[in-house]
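Engineer: Residues -22 to -1, 1 to 754 in mature numbering (1 follows the signal peptide of the UniProt record, and there is no 0) are what the sequence shown spells out, letter by letter.
Just so you know, the hints here were simulated from the structure itself, not pulled from any lab data.
Worth double-checking, as some hints may not be accurate.
Claimed, not checked - Below, a list of computed lysine-lysine pairs in the BS3-like style, where the Cα atoms sit at most 27 Å apart: (1) K609 with K624; (2) K739 with K660; (3) K664 with K675; (4) K693 with K634; (5) K263 with K743; (6) K263 with K555; (7) K664 with K715; (8) K587 with K634; (9) K605 with K587; (10) K361 with K498; (11) K693 with K746; (12) K743 with K660; (13) K436 with K660; (14) K495 with K479; (15) K479 with K498; (16) K564 with K624; (17) K361 with K436; (18) K634 with K609; (19) K605 with K564; (20) K734 with K715; (21) K587 with K555; (22) K587 with K547; (23) K609 with K555; (24) K587 with K609; (25) K436 with K634; (26) K362 with K498; (27) K362 with K436; (28) K564 with K547; (29) K675 with K634; (30) K413 with K436; (31) K660 with K587.
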Amino acid sequence: MLLFSLAYLLLTLLGLSSFAHSCRPSVWAVGLKEDQTIENHLRIVGRSISIYEHRLDINGYTAFTSNDDKAMLKAIRNDPSVLFVVKIPQDYFRNFDREIAAGPDEIDDEIYEDKLRPLHQWAKLQRRDPEVIDFGGRRIPLEWELRLEEGYSLDIFINLITNFSPNSVLIRSTYAFRLDGYNNQYHLRFKSEEQERKSLSLIYDDPRVEAIWPDRCIEAGIRDWIRIDEQKDQKKAQKSQAKQKKEPKVAQGGGKKKMEGAALIGIDVAKEDDLSEWYQQVITKGEMLEFTDVPGCYIYEPGSYGIYERIQDFFNTRIRKMGVRNCYFPLFISEANLQREKDHIEGFAAEVAWVTEGGKNKLEKRLAVRPTSETAMYGYFSKKIRSHRDLPLKLNQWNNVVRWEFKHPMPFIRSREFLWQEGHTAHMTEEDAGKEVLQILDYYEAIYHELLAVPVVKGRKTVAEQFPGAHYTTTVEGFIPSTGRGIQAGTSHCLGQHFAKMFDITVEDPHAKEGEKKEKLHVWQNSWGLTTRSIGIMILTHGDNKGLVIPPRVAEIQAIIVPVGMTAKTTPEDREKHYAETNAIKEVLLEAGVRAETDMRDDQSPGWKFNHWELKGVPLRIEFGPKDSAKHVVTVARRDQLAAGKSEIPIADLGKDVPALLETIQNDMFRKASDEFRDHRKTITKWEDFVPALNAKNTCLIPHCLVPDCEDEIKELSSGKIEGQEVDARAPSMGAKSLCIPFEQPAEGLVQGETKCTNPKCERKAEKWVMFGRSY
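Build out the structure end to end from the sequences listed, making use of the hints.
Structural biologist: Structure (structure tokens):
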């Protein structure tokens, strides 16, 4: 991504007869390439023609005056470091030329720095070639207020618009921040009248837009918003100071104001301040996922799909040993098939997407886009299973499914289209089916524990929460510490004989005595599935204010090697020698089974590279410079423990020490996450302790009667607004629901027939300890 440094060029036209009639100088903005400083630019264009004078720095931006307009433009056109030069209308900067002449004390830094932002956004969308664009002859375009649907930030919205219509673009003006209590309300400026019309037609038809209306109070509006933003920053500062008094150790990252000093490529909002915005930045800047113009449907980039492939490899290896074979069934399901199992279709009815037309022709019978494949596969099972000798039949498919019910998707966690594996098997007896259900659940637990370093709890779903049409459902339940919410991480269902009866999947009784009529027996079936939600759970569990933190066993790159210590004085021969040594280190690591890469880019500094790979979550950074070479060592930094500093590893020991260190990182990440989950699982026996525990971001293990109506009551009773917090419209219900009946039950505290259900309105006796929590 190209980052721009902007400089203002005030062209003083004194002494030029051709411009003698001009009463005020022109104003220009120049954008330089990311690796170019203003000093380099000045050296390139040359000081001999005295183009720039009266230099003034404004919070990272630089202003100049010029005594030769033509010479300036000629030099800039010949400067390869310049990406664009734009002429600005006088009204846009008002009295800027007078203020700069008066000196630095007269400049309102914040106002002018803010005014660079829309030009920055606008210029990024122009041609990459240096081009003089006279922006001054146009009217200042209308400013607009835009309110987006929850779940979308303005950056993502602009990316979507520009990806699919590059010539219809929006530019953010000043602070595009939240107004009047609306989380997604922004102020926008279009680049021209023509593009204003084109963009508005796009916006009106966009499902992400809730409302848009004009605002012509340009200057007043800008100043008012800055005051609002200052108030918000003051509140955050007060909260931060109060927190520091209570906690001597300052949390990493801090509020948005604190994050402003971060690298431009990095995360500019703290996880603890705005989890939704943090999450969207982490997955997009970390190159895990990209948004599309269809809400809830996403592009899985190599960073996330590589993790998914490692999950596939891990799981495939184990289920093949069970006799499971991979296959693929069609995406479309006939309505007649989908409706054959009443409870099943009722569970998915609101989520089913339907195809009703093909080209210009309406279909005689509409087709469902696969929400799950039970009804798509079991006709095949009926054909293939003719005898008990055909059992067990075990199939698995890796595919995509579509579920279209909800309004507020969350990438990986809750999307309209997602990837998963779904296994479907048929067995002779309930006992055989039950053994497989638990075996698959163990594999799901292993994926989270051994690969993703995420703790989960195994258990059985209550009747109210089990899969539609299932005999019973088992589950692995995760926990998101930042929100204190549980999350279903994978399920393994015993379907019983329900679907076998609907699809006539039968075999003759193999135990019938000779001469007796052999009775037709319905088979016992299972289905089990794990989705790409697992990637989202991993990101939310381990990510920090630097970006992703990827466990080594699923990381596409486990170790990144960054050569350091190269300066302008380094000779080409020494540089080439050092790079050869760096590549030799990589080969040693590859030979040891470490997925290692080198970053030899010469257009980025080592510091930039460090930030880049930290953002992408690479578990281990290996720095190698001339001083390291002389000592025959490398310097390493762990992504999961950046604050712990760096250490050295002898080059001779890399083959054994780096793999061992990666295993240590994996284990430490799991241990840290497990401790956090354990600290947020509370055993509760009194209702008056239940809601406060939920509000403190805990899951609660309570004695419960297992009656569905009682669960509904608990959800309603615990759905009140948390004191001091706003209800997030994108978030799941604030009411607590049952997550699972854990297989590991507390040894004490519940006496059958005596212990009362925790629900204060329930008079029944408790049957089991049930884990309740607010959830996704």
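Engineer: What are the numbers of the hints the structure violates, in ascending order?
Structural biologist: Per hint list: 4, 5, 6, 17, 25, 27, 29, 31 violated.
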